[in-house]
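Undergrad: Since chain F is already given, all that's left is putting chains A and W on it; use the hints.
Residue numbers (the numbering used here), protein chains in the order written: chain F, 1 to 838; chain A, 839 to 1189; chain W, 1190 to 1408.
Quick caveat, the hints were computed from the structure, so don't treat them as lab data.
From the three backbone atoms N, C-alpha and C, an ideal C-beta is built for every residue, glycine too.
Heads up, a few of these hints could be off.
Stated by the list, open to error - Covered, in the sense of this in silico footprint (three residues per stretch, anywhere, with C-beta under 8 Å from a C-beta of chain F), are these stretches of chain W:
| no. | segment |
| --- | --- |
| 1 | 1257 to 1264 |
| 2 | 1282 to 1288 |
Unchecked claim - If you want a taste of the chain W side facing chain F, the calculated C-beta under 10 Å gives, among others:
| no. | residue |
| --- | --- |
| 3 | 1267 |
| 4 | 1279 |
| 5 | 1297 |
To be verified - Pair by pair, the computed Cβ-Cβ distance ranges are:
| no. | chain 1 | residue 1 | chain 2 | residue 2 | range |
| --- | --- | --- | --- | --- | --- |
| 6 | W | 1252 | F | 802 | 53 to 61 Å |
| 7 | F | 295 | W | 1217 | 54 to 62 Å |
| 8 | F | 827 | W | 1227 | 20 to 28 Å |
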Amino acid sequence: MSAALAATLLRGSLSGNRWRSLLAAACIALGVALAGAVHTLHASALDEIDQAARVLAGAADWQVEGPRNGFDDAAYAAVASLPAVAVASPVLELDAPLASGEGTVRVLGIDPFRAARLQPGFLAGEGARGGEGATVRLDAGAAWLTPAAAARLSARPGGTLRLRGPLGEVRLAVAGLLPALDTGGPLVVMDIAAAQLAFGRVGVIHRIDLRLAPSVPREAALRAIAARLPPGVTLRRPGDEALRTAGLTRAYRVNLTALALMALFTGGFLVFSTLALQAARRRREFALLRALGLTAGGVRAFLAMEGALLGVAGALAGTALGLAASRAMLERFGYDLGAGFFAGSGRVFAPDAAALALIGGLGVATAVAAALAVTRPLSRLDVAQALKDRQVDLPAAPGGWAAPLALAAAATAAAWLPPAGEIPVGGYLSIGLALAAAVLAVAPASRALLERVPARDRPLGTLALAQVRSLPGHLAAMVSGIVVSVALTAAMAIMVHSFRLSLDGWLAGVLEADLFARASPRGDAVVFTPAVQQGLAAVPGVARVDPIRFERLTPEGAAGPLTVIARPVTPALLRGFQAQPAEVPPRAGDAVNAWVSEAAVDLLGWKAGDEVTLPLAGRRARLHVAGTFRDYSRTWGAVLLDLADYRRITGDALANDIAVHLAPGVDAAAVAAAVGRVVAGVPGAELHDASFIHARALRIFDRTFAATYALEAAAILIALAGVTSSFAALAWSRRREFGVLRHLGLTRGEVIRLLALEGGAAGLLGAGLGLAAGAAVSVVLVHVVNRQSFHWGMAIHWPAAALSVLAAAVVALCALGASAAGRAAVAREAVHAVKDDA
Amino acid sequence: MRRRALLLAAALLALAARAGDYAPVLPGLKLDFPADYGAHPAHRIEWWYATGLLDTARGPLGFQVTFFRLRNAAADANPSRFAPRQLLFAHAAIADPAFGRLRHDQRIARAFAPLAEAREADTDVFIDDWSLKRVDGRYRASIPGEGFTLDLALAPTQPVLAQGEAGYSRKGPRPSQASGYYSEPQLAVSGTVTVDGRVLEARGTAWLDHEWSSELLAQDAVGWDWTGVNLDGGGALMAFRLRDAAGGTLWASATLREGGRTRTFAPGEVKFIPRRTWRSPRTGTAWPVAMTVEVGGRAWTLAPLLDDQELDARATTGTLYWEGAVSASGPGGARGRGYLELTGYAGRLRF
Amino acid sequence: MLAVRGLAKSWPGGDALFAQVDLAVAAGELVAILGESGAGKSTLLNIVAGLDRADAGTVEVGDTRVSALDEDGLARWRRRHVGFVFQAFHLLPYLSVAENAGLPLLLNGVPAAERRERVQAALASVGLAGRGDRRPASLSGGEMQRVAVARAVVHRPALVLADEPTGNLDETNAAATLEALRAAVKREGAAGVLVTHSPVAAAAADRVLRLAGRRLAPA
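Okay, chain F solo, but in the shape it has when bound (with noise of 0.2 Å):
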């Protein structure tokens, strides 16, 4: 086909189908964004954790890393004093709250001569006053800040910098600015010493940054080094940490992708729909071409063309629309829409050209795949039949019920294959092929329940039933797109709707004291100190507190970490962490009785009755996994240890938090004013009772979803605009008809009814499919891919209302669209439409 000719029948189809073409664009336009944009958000944070770890590690070649809450800084010595060590570099690194209680900091406590041999920018500063050489940086009360840092937190050299410490608030002198370690994020430098005595954590480390002699053999020098750490405490390269990000990451970034893929899903059909029906309505056309000499595959050719276009511009729209809301989102919001997995500064924008490239083909292909489904019974075409012909039907819709039962046996049993390194891939898998059974029985399923809708003598029931009958194919493809959309929509609010009951019935179960105080609500450099814990206990009205330590470590031979929770363990705790079996059972021989989350049994593959180590506190502590429990909140693993175990193996007395209980019968409000004081004790600790933090939790919930919600009503407005401009386009092909309808005396109004009752059974026909679909896509989402990609357990939940609201919204709007539709092709006086040739 030649370009000249290719551009004239270009020419035709785009003039004619200009806003269904727009929308089809946009659909493709809407998923490819989505993807770029989450990549391109993802793939900045990375970036910005590569290039952070890169910097502040400089020459460092391996690191040493232990428990969330340190370890023992002994073993600097043990790990420095080694030949196949040139270099090492203790660190001290906590996320302190700032004293004005905006947000929270993070403090490297560094031994600076040792932290410049790997990294020169820690000594290289801009001082407040120049030429004292290295000594002030020993000097306790000075801090030495990163520009970003000093930007934050509007300190400039000479300033003073407030924090909070678990001693009580931290006042550093601003000695100077650390230029060279700009990229390395907001930091607040000062000596490890220091540190280590301004927030309480004398004899504690978290990190050594090695530089490798070159002289000895790299197995045998990690072999050695290795050999002197305590338990819990590994060793690994500084690129690690965005990896470990990344995996950290990989579920959130999945589903988002996931969803990402839907709205394309979705593009797709749209651009079959539109040019299916174009291709209807240009059958003579083509069939004329045909006839005149066009080959078959010049039809298709240009057909896949037309689609490619689409593709293309979809694609080219999504990936501009997609960096820029990405680059918006990363000033707004940061790197994750506020999910809390990144804490960078969101300074890095870092597009992955080659992601986005694919990510854009992959909308390309989405389009030409639809609309070479098209071509394919175009490319059947009778010339002779269709010149002649006026059907507007789309090429003939295939099928009975055997291919989407297959789809659906098969989409079934993809549901119970394994995930491939924490991907639900058999999950997703499973989804697609119940999407796509579901639309291959949008066909069949539309002509059983037509064929019995019985016959009645409502005129416009009839004609619309007749109607409807009549042209299978349309039928199909407008509903299919319903269908999708609805299912997807119905599923991620079933879905959601499933958590968040589970959400809240856990949280009930969990909060089962009266009061909560939390120490560092942001950051984590802020304890309760015995002394507090005691002090609160001491309160009149208080029956009793909890104390809860958490720890988070990584166990040996385990790819990411594991948070153990420590606290007072009774039958009703476990009861309301939903554990099993919720009793403690009496303890066998030394070892220590045991939770272990349903992420830790997925994760670590631990279960009721086995014996596991964990390395606590630089030693191997026995535990004896007693049952398993239910954790809404740490996706990587949880085990619940009883407080006095965790103290008698580590010795930390500190706490994180505090549950307390009120006793029965006292003035709650002034027990929790008197528990205020004590608490108020300590900076920047909160307090808050139970309700408070249940009504927190599920408001963090639901802003958490809130973008999923926009995303899907987004799809479902694209997919009923779809379905209006199909009959839009319906409509005009039959205004001949209607003109005649008006001769034999209906009125206006009358034509416009039928039209919204043809949309109303299209939408009622994909309503109910796509609920069905939805239903089955949820069970799925729920037990599959939340289940392995989350590692949560839950129960189903159905949304009646919301679902009734949905089906009776995509129906109503879908007659609604059709009746516009019919409006504006009543519009034509009906004398003119039944001498219209056309």
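TA: Structure of chains A and W alone, referenced to chain F:
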């Protein structure tokens, strides 16, 4: 004396501590070996400072190996094992006429067993793999630096030279402005120097100062000149002066060991007379690299091995100084080789 | 049955299309209106059917003053009392032959059983008995137009209007269609108006008028 360290001490002083936190050096001090070879951690500042000239296949090389110890009493109260109660600094340099300027490197660390320590029993001071240690009566210096490595043994050939009044060396008008100070002149050096990847056998003569103090600095001193010369025939000359802003002498002293006799000179008997200045192309500082030193009326002329022996350590220790190998010629054709140190010529240093 | 008095209609520009047109058609009478293209035949027909408005004059059918009805009233009146035959047949492609023919009955709410009976009778009367289940697309042009005639009279309208019903047909089919139309008008006692430019077609009518020079006059 090596008053460069004063700058460091001053920096710390500015930070912290009360003078009472540090043990004073008092008149009547008695040197007690081997304990006085070792560190004196109760005092604010201390150094071991070896300089010398070596003959190698590459020609004559000057070398300098210095370890400083600095006490930071402000950190005494911090129970952290990282608390910087003692700081250790080390400088090393090679003066190579063929290279045209100094090669130098440095180490800084807080004292932290077993990585960096200044031990008390005998000379045994180290920062990681840099060390100066007295073993079997000889000093061993092992300095694997950036671009050069020194691995030297320094063997005494004569008794310790106690400076000042039997080791009590005054630095200012007040008796408390003083240090414990002895020298080891005429050390016989053997070992290897690695430069540009070439291992050179080296032999030569060196001078080692060991000095400790808690109160050194006269308020209005802006800089100082110091020299230590091993004289041909076994003699030794040490002279220093403290300068004020006008270039006048605030305090001076000298010691001359000659023919088995040692004489100490009072401030009025010691004069430093600049003969030639060299302007550094890097820092623009004019250094009086050639000097005449008059001690007790006898003039010694010092000529540098090379002009550019400027050492710029402002980025880390905050100091800019000239530390150079020199040859000396004295009255009656007496000759010697030693080191000249010049500080405070780059403008008044800000404390 | 049909009484048109003093009808006048102008082009939108103001030039008169026709004026002072009077026409009376009795029940069971078929009247043909001949005229050149653009003479205003179809416009006259549309005004009679209530699909267009006259500038002056009245249209009465039976007791109904058509020119006084509003738009929805006209639609309901057409549904009950008017049958149409178009040049381009205009059968609905998604309905069977019987459903097409029965469409007016459906619109008037006639029960299914009675509808079936009357459609069968109507189709038989135009010679298409037994073809009711076919789709329009499978019929010839003449057959389609006879289905259209059946649709025009199946609900026993007072008025049957045909606009160039033979324009798309060959002579044989045209004759058959005109015969069916004439027979239906007689049988149902309707007032029939046939608009055409063909004197041959007009010859099938009881009376032939000519619309020329803005006047309607006997040919």
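Undergrad: I'd like to know which numbered hints this structure contradicts. Please list them from smallest to largest.
TA: none
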